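K.L.:
The residues making up each chain are set out below.
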Amino acid sequence: MSPLSPGLRLDGRRPNELRKIRCKLGVFNQPDGSAYLEQGNTKVLAAVYGPHEIRGSRTKALHDQALINCQYSMATFSTGERKRRPRGDRKSIEMSIHLRQALQAVIKTELYARSQIDIFVEVLQADGGNYCTCVNAATLALIDAGIPITEYMVACTASLANGETPLVDISHLEETSGGPNLTVAAMPMSGQIVLLEMSQRFHLDHLDKVMKHALRGCQEIKAVLDKAVRDHVASAGAACNWEFKTD
Amino acid sequence: MLTTKTFLKKTKRGNILKIVREHYLREDIWCGSALCDKCPMSEPVLSENPESASELFSFPHYIVLDTCVVVHQIDVLEEKTLCNVIIPQTVIEEVKHQSSTIYKRLKDIIGNPGRNFYVFVNEHHMKTYIERQRGETANDRNDRAIRKTVAWYQSHLASSQSGINKSERVQILLLTNDGKNKELAAKEGLCVASVREYIQSLVGCPGLQDKLAVTEPERDGNAREYLFPPHLPPSLIHDGIKSGKLLQGTFYASRENFLEGHVNVEGQEKMILLQGHAGLNRAVDGDSVAIELLPEDQWSSPSDIVLQDEEDDPGDILDDRTEALSASRAASSERIPTGRVVGIIRRKWRQYCGILQPSPVKDTVRHIFVPAERKIPKIRIETRQSEVLASQRIIVAIDSWPRHSRYPSGHFVRALGPIGDKDTENEVLLLEHDVPHSQFSEAVNACLPKLPWIITDDDVAERQDLRHIDVCSVDPPGCTDIDDALHCRFLDNGHVEVGVHIADVSHFIRPGTALDKEAALRATTVYLVDKRIDMVPELLSSNLCSLRGNEERFAFSCVWEMTREARIVATRFHKSIIRSRAALTYEQAQLRIDDPAQKDAIATSLRELNRLAKILKRRRIENGALVLASPEIRFQVDSETHDPIEVEAKKLRETNSMVEEFMLLANISVAEKIVEEFPECAMLRRHPEPPVANFEPLVKAGHKLGFNIVTSTGKELAASLDEAVLPDNPYFNTMLRILATRCMMQAVYFTSGMLQPDEFFHYGLACPIYTHFTSPIRRYADIIVHRLLAVCIGADSTYSDLLDKRKSHALCHNLNYRNRMAQYAGRASVALHTHLFFRGKVQDEEGYVLFVRKNALQILIPKYGLEGTLYVVPKKGEVATANFVYNEEEQTQKCGDVTFRSFDPVTVQLSLDRSNLQHEKLVLKLVKPVIPGFSVPSSDEPIPMAIDEQDGGKCKDGSVVDTVSQKNKSSPSKKKRKK
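If you read the sequences in order, they're chains F and S. Per the UniProt record's numbering, the first sequence starts with residue 1, numbered consecutively. Per the UniProt record's numbering, the second sequence starts with residue 1, numbered consecutively.
Extracted from the complex, chain F is given alone in its bound form (with noise of 0.2 Å):
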């Protein structure tokens, strides 16, 4: 927050306004479903191969449901610095088990038995709430692979400045000053949270506001996902004559 025009943020926000965000869905032919988003400067792709047969050994399969696997990576160019970012790295393989553990909510998995989903996002800039930009993508992915979900699985991130204004989705300028950043996964429909990560320590009293604040992110991002999506469908469905009507 710059202090001295009150009410807005280093970028020209104000505190409850979220980021930009530009979609496309369908963005390749070979997966079975793929999409595109911005969330302001950070930008994801996600691809959906499934669901297909246990590659590899079989030993994995479950036997009432299906499994997912998903896979995190960064862009050699994501960040200012160029630098290689192997696959395999500490970080990448968190953020791929917490992506799996918010999709695996949504997805009605249990319709897939002894098979198995595939889900890649890369991302190809990073500027702050990289996470939430790789699972509202991967969500917009799977809706255009067609795999049933239950609801929309949307997160946001939410921090505090000084202490006191609650900001909601942050970038990475944020991110690095300092103030405790929140990060939650939820299915804005029913509310429920999947996901809930903060990055530091900070006193219970902001908890509550703070999470209001990322929950309502996640409503309105859901919003501008939805809208995406019914667009999609309706010029998808043009191409083939269909009479649509959206209510």
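In short, the hints are calculated from the structure, not lab data. Predicted model, so just to flag it, every value in this text is computed and none were measured. Certain hints may be false.
Capping the alpha-carbon separation at 25 Å, the derived lysine-lysine pairs in DSS-like fashion look like this [to be verified]:
id, chain 1, residue 1, chain 2, residue 2
1, S, Lys700, S, Lys270
2, S, Lys807, F, Lys43
3, F, Lys20, S, Lys18
4, S, Lys807, F, Lys209
5, S, Lys18, F, Lys83
Based on the hints, put chain S in the right spot on chain F.
P.N.:
Relative to chain F, chain S alone:
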């Protein structure tokens, strides 16, 4: 509503990084004017008809300020004259970047609703954002952004007032000091003026012109010679420091010699010496400077001369005393690293209190200002009100120090009041020591509990009821803020129960309230001789929190179960309700202890407490705690005129030490408890061990008289100090302890998470951990400790700032600063009253030589705790009456067959030199030993001292090192002298 725009930024972090950031441009940033019919604002800041007081611009107008105007003319802006001002965000960012103090002051002005200052976020406005062009400097771009803002406002408001007569329309006026910016603005058809032009055209505010800072350098061509070497540009300084050729440090001017100073370079043990006009090169005390070390053959040693800049304005010439100084260089044996200033990294200029030097020329506007602080050079100012100001204390700010000027140039800020008036002088010393002393604000008073204050059943349920226990307090007479009380009773198992009850201030001061913020800012109560600047409003400090006799009060109790040998068996902490049976003075308590006839509960418990305290004290001293000394005195003040009528040294009784011991014990117990519960964020107090180099003067002084002072540990130091006794000079040991005190470091507050546990040590008290718990009425640190302890015992809940290590660290920083300043202010107040006391008196006093200097002797007069300078070399223009020979090796001054060494007793005559009405000085003249032609005959019998009632100072928190925190409670007590 959102338009994104990305922009690129390069930053240097070793290698070049490209940073891409989003920059949102908005349409919902309003202009803030009440005139506007387009912007849907709820509360416009700029008024509808801004009246113009300017002759030059007679139409109504809003003012837009340039960055350099804000930075240089903040004193003018703080005056209430300029209103309806628009500050573009570009300016704010630049100001913030250039000076954090000015940024803060600007923020205060903007926060004042009466001033109609509006911040326009031009950088995020759709229409006023501009991109930097190829080849354009950042500065030019910002100037252009400001002009763009002006142009936008002009057209934006024009459309809203199309119906109004053209000459009555509100226009936008840009104030700038930048010639190029002004030119370009005029070319673009904007209203523009320089600050000087504008202020001069204002009708009815003559004083404002004096406050204008001098920004345009007066270029007299080649007529003037440069007096100082130039400063290097920042880039060269930066490179020099990086390559190690230059050193960076903080400059400390010498109090005794205005041509000498030291630079404290980080990572170097010894300070680096600077000498002479060229060596100091316009550095002012506190500045962060870049220095260059001189080659070793040009190194020098600190001069022994006491030198003050006493000249009348000699014009822009430097006198030759500098050269005289350097002559001594070759002879000196102990050279230390010497350097010279080559550049200033950051100025630490503030506003200075002082007086005008009488000008030899009548009706001139240029004057010389003499600051009260001796470390600060004289300042040249311009004023047209010199006749009024000549007899006033005034405040002046420095603007610049050009190379051709002997003195820095500055401008007048405001007048405080007549010189010599006690209120003015008090005001001066409060301002000089940065003591916040304004009245408590409405918001703060609103936080106070309503009277009558009653204890409710809920309160009783939450607290331990200790009203049945015989508690009493022991304090100096006249004390109204009683924050501690004691009790002691015998238990059935042969042990004793001792309780220390501290006023429960944290019950009344809740975190985050205006009251809490104000107390945190003030940090401590400041005790002046005739005045007390409270940390919390009087209702709390002298009534609801004060543990007065026979009144029910809330307390935070620390209760020990001890053996009769003063070994702690168990410790308990709890919030309680107590009723103090009696608020005793030290003397009354002593009488009760000494009088065997008294057998009531209070007397017996006092006796037992006293016995335990003696054991505790002995044990502490065996551990290596230091007993130090500093001359402390108290004044007896006339109740009507508030003038001091009597001075006496403070006297300590057994009861002082008794209370002190238990306070120490409570503090240590609490420190252990809170650090156990909050290893990261407990507020503690430490006293670092001084570096060996600090002890040099002490060891040297002891060595000369045949004593070996061992300083390797505190215990050895204490032991060797005890041994150093001269039978024929009873005051010698005390003087040695005074010297030892001066070797010590300051004790400081810190947050436990910021240091390693072995650094927690308190050197003076010789204990591994310490904090302040016992005086929450007058110290903010204690309030924090109370809150922490309350959480430990489950009596209260935490809040985020309490557990934030960094915030707590910042708070400690402020507490330490305020404490130091409060201490200095207290001393300055004593000095002031000493002056008042000596008005019209000539008195002979016993004194001792503390140091021998090249041209003077430093004399300590124990009776007044006063240190004065006895010049042995005559001033310029006077004829020497006696020839003193200075021996640098042995640190002696010899005249004929009389030799002066350190610690020698002398008799001196004290008088107040009022010849210079503006600057009174205490003058010392030698009486004994008699030196014909130099010493003066003894004056009449000294005025007999009527000591009608004595009392000791309150000294509860340990050794003298901690006097930082001790209150000089004697101050509020006023006594009328019996005739």
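K.L.:
So, for every hint listed, does it hold in this structure?
P.N.:
Structure-based check of each hint:
1. With a C-alpha separation of about 18 Å, the suggested pairing of lysine 700 (chain S) with lysine 270 (chain S) holds against the 25 Å cut-off.
2. Restraint check for lysine 807 (chain S) and lysine 43 (chain F): the C-alpha separation of about 36 Å exceeds 25 Å, so the hint is violated.
3. Annotation: proposed proximity of lysine 20 (chain F) to lysine 18 (chain S) holds, straight-line Cα distance about 22 Å (limit 25 Å).
4. For the given pair, lysine 807 (chain S) sits about 21 Å from lysine 209 (chain F) by alpha-carbon distance, which is consistent with the 25 Å threshold.
5. Our distance criterion of 25 Å between C-alpha atoms is met by lysine 18 (chain S) and lysine 83 (chain F), whose separation comes to about 14 Å.
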